[in-house]
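Visitor: With the hints as your guide, set chains E, A and C onto chain V.
4 protein chains.
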Amino acid sequence: MKKIKIGVIGAGRIGKVHVAALAQSVPAAEVLMIADTDIKSARQLAEKYGIAKWTTDYEKVIQNPEVEAIIICSPTDTHAKYIIEAAQAGKHIFCEKPIDLSIPVIQSALEAVKKAGVKFMVGFNRRFDPNFQKVKQMVVEGKIGETHLLKITSRDPAPPPAEYSAVSGGMFLDMTIHDFDMARYIVGSEVVEVYTKAAVLVDPEIGKAGDVDTAIITLTFANGALGVIDNSRKAVYGYDQRLEVFGTKGMVNVDNNFPENHKYYSSHGISGSLPLNFFMDRYTQSYANEIIAFCDSLNKKVDSIVSGDDGLKSVAIAMAAKKSYLEKRPVKLDEIYK
Amino acid sequence: MKKIKIGVIGAGRIGKVHVAALAQSVPAAEVLMIADTDIKSARQLAEKYGIAKWTTDYEKVIQNPEVEAIIICSPTDTHAKYIIEAAQAGKHIFCEKPIDLSIPVIQSALEAVKKAGVKFMVGFNRRFDPNFQKVKQMVVEGKIGETHLLKITSRDPAPPPAEYSAVSGGMFLDMTIHDFDMARYIVGSEVVEVYTKAAVLVDPEIGKAGDVDTAIITLTFANGALGVIDNSRKAVYGYDQRLEVFGTKGMVNVDNNFPENHKYYSSHGISGSLPLNFFMDRYTQSYANEIIAFCDSLNKKVDSIVSGDDGLKSVAIAMAAKKSYLEKRPVKLDEIYK
Amino acid sequence: MKKIKIGVIGAGRIGKVHVAALAQSVPAAEVLMIADTDIKSARQLAEKYGIAKWTTDYEKVIQNPEVEAIIICSPTDTHAKYIIEAAQAGKHIFCEKPIDLSIPVIQSALEAVKKAGVKFMVGFNRRFDPNFQKVKQMVVEGKIGETHLLKITSRDPAPPPAEYSAVSGGMFLDMTIHDFDMARYIVGSEVVEVYTKAAVLVDPEIGKAGDVDTAIITLTFANGALGVIDNSRKAVYGYDQRLEVFGTKGMVNVDNNFPENHKYYSSHGISGSLPLNFFMDRYTQSYANEIIAFCDSLNKKVDSIVSGDDGLKSVAIAMAAKKSYLEKRPVKLDEIYK
Amino acid sequence: MKKIKIGVIGAGRIGKVHVAALAQSVPAAEVLMIADTDIKSARQLAEKYGIAKWTTDYEKVIQNPEVEAIIICSPTDTHAKYIIEAAQAGKHIFCEKPIDLSIPVIQSALEAVKKAGVKFMVGFNRRFDPNFQKVKQMVVEGKIGETHLLKITSRDPAPPPAEYSAVSGGMFLDMTIHDFDMARYIVGSEVVEVYTKAAVLVDPEIGKAGDVDTAIITLTFANGALGVIDNSRKAVYGYDQRLEVFGTKGMVNVDNNFPENHKYYSSHGISGSLPLNFFMDRYTQSYANEIIAFCDSLNKKVDSIVSGDDGLKSVAIAMAAKKSYLEKRPVKLDEIYK
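Chains as they are written, first to last, in the numbering used here: chain V, -16 to 321; chain E, -16 to 321; chain A, -16 to 321; chain C, -16 to 321.
A hint or two may mislead.
Identical copies carry no separate label here, and so any pair may be met within one copy or between two of them.
Unchecked claim - Keeping only pairs whose Cα atoms sit at most 30 Å apart, straight-line, the calculated DSS-like set for lysine-lysine is:
| # | residue 1 | residue 2 |
| --- | --- | --- |
| 1 | K36 | K232 |
| 2 | K232 | K191 |
| 3 | K119 | K102 |
| 4 | K296 | K(-1) |
| 5 | K43 | K283 |
| 6 | K31 | K102 |
| 7 | K97 | K283 |
| 8 | K283 | K23 |
| 9 | K31 | K(-1) |
To be clear, the hints were calculated from the coordinates, so they are not data collected in a lab. What you are looking at is a predicted structure, and each value in this text was computed from that prediction instead of being measured.
Same shape as in the complex, but just chain V (with noise of 0.2 Å):
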């Protein structure tokens, strides 16, 4: 079996959950070299999983003629360029989401994937998820009818340090970008209007970064079902992540994924464990799937599941909650972008 060779870009948290997965879910595939400005880590992690070469020049990894694919997992600034250059060398490229924060860098970005002509895939593992799966699978066979109300909880066990909140482009840009993605994703229509309510409930000092940490988002698509999305930055209880569509023939949830499924009777009443707390325990599986999706995109020479085109509306619509939230009103799609 002749294995895809992959460089990976950036060592940091999901860099790691990237090449773990590979190394133990896709033996497709193989790591030839880990980039990071933190040659500690680049190393670490190569360490770790027996791969080669490690360093902290990103282009050494681009440039390398055996490697087909870059896994891009730095920053979210350095995204467009290292998808343009990795595009302009012929690689095929796997981005961590979001690809940019600003439109049109996006789309000069995703100009030049077409122009190489190389697969691209944007890391939404949520769609992964066998939850999910579930649910959009249902969908697809009908089994709702026609979709009229999706919900979405996407709560996070606790709020990033008030320096990342800066740099990530708020909650909308990086948190909710996941369930705006997930809303698309499963009643397949685009979303053409959006409403935020949202408040700084968690922490004052989240407000004074100029973010929110609690929100009810309600969005419209094009098919007229409606969605809403509630987020907050801190459940006590953990991550909650959980769906429900509902539709003309019938309605379909999920709930969160637990460490193990134990009830206990005492005199004090009925107990259980709480959901997995981290995302990467909760995704373990989503992520080994993406990746695995991934690959088998470059195999079989098929198109990517999750496109540059996804990566695009599902930060237009961040956008839009963004604007709807200062603005307080509802806006369109068309008003981000046309």
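Guide: Quick look at chains E, A and C alone, frame taken from chain V:
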């Protein structure tokens, strides 16, 4: 034990519910007389429960010197008139929701009640449902901490007849009004702003009658909490009534009620029964508890639990919801009345 | 509507349950008279439900020419005597379980019933519980296929007083007897062999009184199915009543009932309320349904649903269970009676 | 990091499971060599995971001086021979269950292990399942108080081929042996008596082969607790593995695992997916945890978690269960061996 003597106006669907609850669950009360414009309805209900008198003339009930309290179950447009007359006759009053579809009319009715010094309670029976009461209790006990998010799912099994839509004031004033009251009750803070996104997805006839059948309604509370209600007039799987509260210390939610709790494992999957489908089955206990609470408030000379002001405010929120829908913008409650 | 005229013997705990159910849920019946050796109990119960007559003399009930049916809720050792006298007086009979603790005595009582041609029903109320009825229905409909395994969990919240243990015939005849009847009812086949492993684990006083408090009882049915009942006299989390049937086409199980269905997520875990703890709360609906079924059997001149033979067989199985425990071996039912 | 060098004997179904787990989840170990009497199986497995050597000669694995530990996944009748040879060669040993079908043979194998002073672990993987580990932890922490009742449900999706029944020693020694080990593990006390009621209800061919396919097995523990296991060889809804412990302070139970947790509400009812059906899917995590635990015991020079004595005792209980079935009476463990 001295029994409270009660007169009932309206022997329709909800009148029957209250008379049955009084007969079966309230030994402390006795229905003396029933009025309905349809004499047959009045007589049948009276005979079924051994009630001595029935009439087509509501005034005979209100003016009956033995009667201490009036239960008003007649059409909405008669409520205010009967309230005023009953108050002037010195009778305590239980009135079905909504009090009226006009804020000034409600205000004048409540003025008459206040002047007469009689007890007054509005029929928001869901406050007395064991599930919602448990949630309320946990909020009050501080188990949730400060409330950040409230979510209510409220879906009917099937839309009412088109002609009813017109009379009832539309979905917000007829159906969602229960959810508006529940929102205020659970959060314990006033709604200050409403944004409604609604659509006609179930039946175009509903749209032709000027009403909607599907909605996502965002609420902002005075204490900073955010809320969302999702409504549909037609859930093919039955009556769907769920609620969730999320705050700084945790989250609580309640599910629907079921006729029994079997789980069947066959080669095709695991299955169970649908929720109780009819509102009278779902809320049997809450209707009984509600009438018990009303009679208790009379006996114990304490204030009733659902006040005239509660009745007024739920109507005002419904009006704001409708205005928001029509004007496609968030509407503050003080635009409706001050 | 002509009402069935009923006389009640025994105004204790279970007598109250039946009188309340008759008053609240059976408009087709009317209690004329209550007897109890304690006149105060008889009077209080009569007054509470507006029953005209009460007495300490059970014969006055049985001989009352207006009375059509007798409900026997007196201590077990009086059942057979009252059954015989009531049958001879031509009254229909509802008798609490167990009919008696002696097979020949039961047989002679049933003989009297047969000779008189009156209706007779034994008070196995759990057959009328919506959960267990759903399971029975699914078995009858063939959803389970051929039954292979039956599992019953039946645990009390707390043991009865030691003195009651002696009178009641012990755990098998007092508590497990319900499970023996349920086993026959659900499987629809006779128990032919019993093996009991039992112990005194809850309270040594129970052992001193010659009884047990914990047991695992294996049943063999005539149709080849196997069954197991697990009992404890003390579940600190409350009354635990569950059942599972497994066969060639699938499996069905039913859980306990709960006062409400909240789920609370805090930083400590997820928790919910304990099951309904008191048998009268857990089985409120089944007691009502049972009395309705008895009255229906009188009105419609059909056989009652729980026959004298059902009452006899459950006692015989309980005796086999006890014999198995004492002799430490499986016991065939035909060792008990033929 | 120095890696433990491992040799594997047996490249069949379970051999593949262990090799895959070692490759994916145990960076601290390395498989050097695989033996199987079918060279094709050995080679395919070796190639799939990049293992350098394969052979048909198990002795080459045992005698390989680089190999530190042997994993025995060959047929049961070869286990003892390989254990003895591996022990004599100074290799640590992991052996699949059952060690052997003869108590004296097991004893002599364990004697060899003891004499050689090597580590030894038996493959009761279910002890490492997160659900059962949670239950064990709660028992150890005292959450259950004194254990009174243990209930294990263990049902296979389909019976093994008839020819396998003969070789495997029958249901008790092949399938229920896992439950016997689990019973000892969870209760933390030895089984002193067994009573088996079993039948051939699934397939008469199984009966012709001298085996059973359905059973209810009552266990008595040295600490006074009672236990019950129910088994079927064919659950049409899939692999069914549940457990419950009941004691003086409460009760805990664990359910099956599911591929995802969707709930679908249609007009026909509520439905969800069946449990994970295949033992390798159901116990993927436990197999990985098991091998990690074995390697940990080697690295940390601590005792292994599932001892040779555990392997011996589970076989003895299985023999008692069979004897009880054949002799239709409770059998004490000291009738089997002392």
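Visitor: Please name the hints from earlier in the document that this structure breaks, with their numbers sorted from lowest to highest.
Guide: Number 1 - this is the single hint that the structure violates.
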